[in-house]
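**Q** Produce the entire structure from the sequences given, and follow the hints as far as they go.
Sequence lines, in order, name chains A and B. Those letters in the first sequence? Residues 1 to 425, by this note's numbering. Those letters in the second sequence? Residues 1001 to 1286, by this note's numbering.
Think of the hints as simulated: they come from the structure by calculation, not from any bench. No experiment lies behind these values; they were computed from the predicted model shown.
Simulated DEER-style distance windows between Cβ atoms:
#1 B:V1048 <-> A:Q190: 31 to 39 Å
#2 A:P92 <-> B:F1025: 31 to 39 Å
#3 A:Y118 <-> B:L1120: 21 to 29 Å
#4 A:P92 <-> B:L1109: 27 to 35 Å
#5 A:K353 <-> B:V1068: 54 to 62 Å
#6 B:L1136 <-> A:Q140: 54 to 62 Å
#7 A:T70 <-> B:T1058: 36 to 44 Å
#8 B:S1007 <-> A:G141: 50 to 58 Å
For each residue, glycine too, the CB sits at the ideal point set by N, CA and C.
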Amino acid sequence: MSDIERQTEGADAALLRGLTEARLSRGQLLRRAGVGAAGFGLSGLLAACGVGGSSGGATATVSASASADTVGSAAWWAKQKKAGVLDFANWPLYIDTDHGKHPSLQQFTKQTGITVNYKEVIQDNAPFYAKVAPSLQAGQGTGYDIIVMTNGWYLTELINHKWLVPLDLSRLPNFEQHASSIVKSPDYDQGNTYTVAWQSGFTGIAYNPKLTGRDITSVNDLWDPKFKGHVGMMSDNTELGSVGLLKLGIDPATSSEADWHKAANVLQQQRSKGLVRQYYDQSYVKALENGDTWITQAWSGDIFQAQASGYPHLKFVVPKEGVMHWTDNMMIPMHAKHPVDALTWMNFYYQPKIAAEVEDWVNYICPVPAAKQIIAKQLDDPAVAKSPLVFPTPAMDAKARDYYTFKDYGEFNTWNGIFDPIIQS
Amino acid sequence: MATGLRSRLTPYLLGMPGGVYLAVFFVVPLFAVLSVSLQTGNPDAGFVLTWHWGEYVTAIQRYHTQFVRSFEYAGISTGLSLVFAYPMAYWIAFHGGRHKSTYLLLVLLPFFVSFVIRTLAWQFILSDQGFVLGTLKGWHLLPQSTHVLSTPTAVLAGLTYSALPFMVLPLYVALERIDPRLVRAAGDLYARPASSFLRVILPLSAPGVFAGFLLVFVTNVGDYVNASILGGPGTTMVGNVIQTAYLQNFDYPMASALSSLLIAGTLLVIFLYARAFGAARIQEYA
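**A** Structural data, given as structure tokens:
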């Protein structure tokens, strides 16, 4: 028993917890930053620099007190009240925008009286996760009621740590009624316990027919020696590994470690034969537009936007082996101050009319199929309504494949160890 | 007595702000990096110091190519920037006349635009169907398949380009301090221009060369921007590997082991260079 515990024996349990936990989590934060270690001997100094884990600590206490006031339970939701404010963190250029205002959010405020603080602060999943993880770890809020994250390791981590508030689906009737089947109960969040889709996209193949000289139909075309030095691959190792698996006819969602090694082999061959121009981040679009690459792994929404902005000759194809389907999801981080307002927005968004307004500007894959008619008729934008890149055909949906969902850090690390050496040659 | 003590303490007091700054913002993080590189664990359970040296073995096995390449690229780009910068600095120092500061400002001008933006601009200029290559290919002066981006040449050019001002400035300072009368004296003693350059100017500008080397080599050996924007497969530098290990994979021990190796390697190169170059002479001149 520590001194503190002895001194406060018999004191209020909550007070005790407050006293000890605050010290612990602050200590963890200090250790993480590597500060405050001066004055130790060399060995002590090195030991003091241990990086605290993200499980345990404050989180454990929250999940341990499983009772009626467990966050996200029906009883908990019943106690929450509308606050009239919503802090919404999203990616840049990811909502309808008109002269700096967002019409869909304005309508939301008008109808519900909830003002929205909309912040475009998410540039990428990993850095955003790194930014919010310490606060969540310390049992504090992130300052946001809704954040948007792609399915993948970082979202899995948020779920594993119980850093997300389970949703009250009974308050999301519009989701139930209007969401498309491919975003309902996805593999990474079965039963939509924590997330609902914001936008989806396909990772398929884009090409410039003038330079390839023929139509592209298959993942194998990325391995065609005729395109030597002009094939664009993605530097995101999840995308790269998954296309390797597709080439071998393996479904990434159910793949094994042995499959990963096989996929790495074919990707390694592709590189050593000089086929790959570069492993690109978002800049792959520019490379395709500039003609640096003739054929490339691509995200559907980017190619739709490129076609609309001066590159109508570019084509996006769903390869016959399958196309990777990803989803950016809305979720409520733990300790959010206005959870009811967040749920209200989620439900509001899933009205076909609102989803249509957002979609007509964003042009990724709409999670609300009924929005198609509204875009075609009321918004009078047949180019978007007719595009299979925004409203995929049933044949395309049938080709959609899920990514492998990592069970723990060990698996994630194994995947990285297999595919990173190909990208970082 | 009191005055004697005070005057003896003065240098330490003067050095204290810098010393404290270094201790807090350099020594402590350095030990933190060393410590993390010897830890095992994962981001969920946390990392514990276990004196596990295996991370260094894995780092070298998996990424020795990128290490060697980083030192090679840094060495070549330092050499190239010296070759380009010396005549520039020489000309400004001896023939710049009244407009010296204007020329220096021109050398510094690129700094007003972000380094990443400038590198991205090169990506645009050098693209396969872009302004330069597209035009030359249009005139059939180059075959269609020619490309500059995604090659080691592009990365080296980018590194040299971004480092140039860091080389020009110390060279200029060293050259500017040379007394022109020494050159005239060499002439009076029948030294031809070439030998007065080699035997008077070049040795006197040695501290500038050394400072320029330090600034450029150390910056470039850890660079990851040029390789990721201008490079392709086969041009990855160790900075890129560290960035991915740290920011994407949360593999802190690996990232720290790689960083420690990079620091050690850089120190070794500087040490060898100083020995070969004669550190004593540099201090003498400085």
